[in-house]
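Asker: Keeping their order, the protein sequence lines are chains A and B. To convert, note that position 237 of the first sequence is 237 in the working numbering; the numbers rise steadily by one, no gaps. Whatever position you read off the second sequence (first residue = 1), add 1000 for the working numbering.
Quick caveat, the hints were computed from the structure, so don't treat them as lab data. One or more of the hints may lead you astray.
What the hints assert, rightly or not - Stretch-level coverage of chain B by chain A, calculated; a stretch enters the list once three of its residues show a Cβ under 8 Å from a Cβ in chain A:
#	region
1	1076–1085
2	1149–1158
3	1306–1319
As the list claims (entries may be wrong) - Label pairs and their in silico Cβ distance ranges:
#	chain 1	residue 1	chain 2	residue 2	range
4	B	I1114	A	S317	33 to 41 Å
5	B	Q1117	A	D315	27 to 35 Å
6	A	V175	B	G1100	44 to 52 Å
7	A	K202	B	G1100	50 to 58 Å
8	B	P1112	A	R234	42 to 50 Å
9	B	P1112	A	D21	50 to 58 Å
10	B	D1072	A	D21	36 to 44 Å
11	A	N110	B	R1109	49 to 57 Å
12	B	I1032	A	V175	15 to 23 Å
13	B	D1074	A	A37	29 to 37 Å
14	B	T1034	A	G299	53 to 61 Å
To be verified - Stretch by stretch, here's where chain B covers chain A in the computed footprint (C-beta under 8 Å, at least three residues):
#	region
15	52–61
16	81–95
17	266–280
Only a predicted model underlies this, so the values are computations on that prediction, with no experimental measurement involved. Note that CB positions come from ideal geometry on N, CA and C, so glycine has one too.
Protein chains: 2
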Amino acid sequence: MEKSAGEIVGCDLDAVCAAHDRIRHFIHRTPIFTCRAINDRCQAAVFFKCENFQRVGAFKFRGACNAVLSLDDDEAARGVVTHSSGNHAAALALAARMRGIPAYIVMPRNAPAIKRQAVESYGGIITECDPTQEAREAACQLVMQQTGATLIHPYNDPRIIAGQGTAAWELLHDVSELDVLMAPVGGGGLLSGTAIAGHGFKPDIRIIGGEPALADDAAQSLREGRIVPARPPRTIADGLRTSLGSLTFAILRQHVETIALAEEDEIRDAQRLMMERMKIVVEPSAAVPLAALLHRPLGLHGQRIGIILSGGNVDLSPLFSAPGAAS
Amino acid sequence: MEKSAGEIVGCDLDAVCAAHDRIRHFIHRTPIFTCRAINDRCQAAVFFKCENFQRVGAFKFRGACNAVLSLDDDEAARGVVTHSSGNHAAALALAARMRGIPAYIVMPRNAPAIKRQAVESYGGIITECDPTQEAREAACQLVMQQTGATLIHPYNDPRIIAGQGTAAWELLHDVSELDVLMAPVGGGGLLSGTAIAGHGFKPDIRIIGGEPALADDAAQSLREGRIVPARPPRTIADGLRTSLGSLTFAILRQHVETIALAEEDEIRDAQRLMMERMKIVVEPSAAVPLAALLHRPLGLHGQRIGIILSGGNVDLSPLFSAPGAAS
């Protein structure tokens, strides 16, 4: 069973390599940062793959770009559709604009203005719906019927997973002899892609997920052997509030050694540590693996650890509203 | 007169090259970032030399490191001293620790705790004094008499200027065909070093300073042909509140085409733009040249512009104190 990853169609190292070939002229090859102070605190050598510097500010652009570029011309001409209000929506809109095709984004009526603006700035066509899962799916179906657009799920899609895996693929090419790969887990697309790239590249590399303790549905799912749905969202790591999908669940079961949990204050402290010491802007979701590494006994002292920093889309207005702030 | 820069002893391209040879194994070779959205807004190709990623979070480490490594063994053994409460103090403390010599830092009694901690964390020995210029200089003299330590001025010193010039030297090696170099100006050490490296490397490169309109003493000084002292500090660009020195004034007169001014809200907006779009943490002082470029008619459309981002030491606590912030 351990070696059957290839059985999941389109979810193997070849798919990741093909995705990288497809998207590499459109994405940023993001840099890898290290930090002496963080290495000292972790007693390990930590290599951060800075997907906060990726286009649209998150790894999501890799998967979206791969999905859009994987369509044949007829499919592409009819456009793509998704229901998401986060980074995936913005990423899909930009990828579609680059191919010159429409992106239909279904968003709940109460989505924050800043997320609408991001999608609109990349040329996405927004359809509003009621803020329920049923309404979102119904609105999506309607768009598909009316336009023939292809649904691009934010994570439960082999094209998305292969695309997200290209971040780890680059990291493994740029840093030698990694012992461990870590990534945050929400819907599981990034961690699935990371796992496939990692084990395809180096079969004995250890794959560890990071998840907020307040949104530990992936850890529970692996423990119970079934997809446990996400609880109502309370964590500050707003990118990690979703449940696993059938495909990501199957991949994570095969590949992931453990999912380490981080408390809210640990996530916030890790985010602050990276912003203060590394001088990079990261979102709370991106800080979850480091938070877990700093606070859980994962037995990784002396190891070479690659961490995918998922994104840097943070509301910075508190810094710029207080008098005398940001100086 | 235009070509007499070499007459100022120790302030020419050779000095910058020698400084780079001396310090290169101790500093970070910082990366150069670009940003599509900023290029679009400036209608130019802007290359940011990210000294916010430098050790101690600012370019200041380059000059301090060069000064400390320039001392002969006897001088070095007696240590170094400065009166500064900012990045220079932390940079000098770290450079001295690396050479295994004492760094005496004279600080006003009312200096912020966070600045004291930075100096102490790098092993600096703090001497407190009253918060006046006279008290600082007197305390410095006393330390020098008691210890024989060498005074390292934060900017009016050829070793410091040559060290700061290594940032531009790297930028000019890494990016071809730059038309313009920009740097913020406070005491003038960074802009002087940038100018010497720039004109030494490419005689027709244009050197432009950026200064807060609320601290426009360098612009006034160049206009009036004498050092106009800085006014009481009011700008948020707290690194730029100092007056020029005799040496930096002489160099800037020879090399600088203009000093462009930026208003406070323009500085803040430019800082926010870099943090939101480039996902990097920069201090207000670092944002001053971009603010001027965005808002003053400098005639740089279509040009290739290198900007030295001076540092990233920002108090981020407003982001982490508001409930629900930083997500």
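Asker: Which constraints among the numbered hints does this structure fail? Numbers only, ascending.
Answerer: Hints 1, 2, 4, 6, 7, 8, 10, 14, 16 are the ones this structure does not satisfy, whereas the remaining hints hold.
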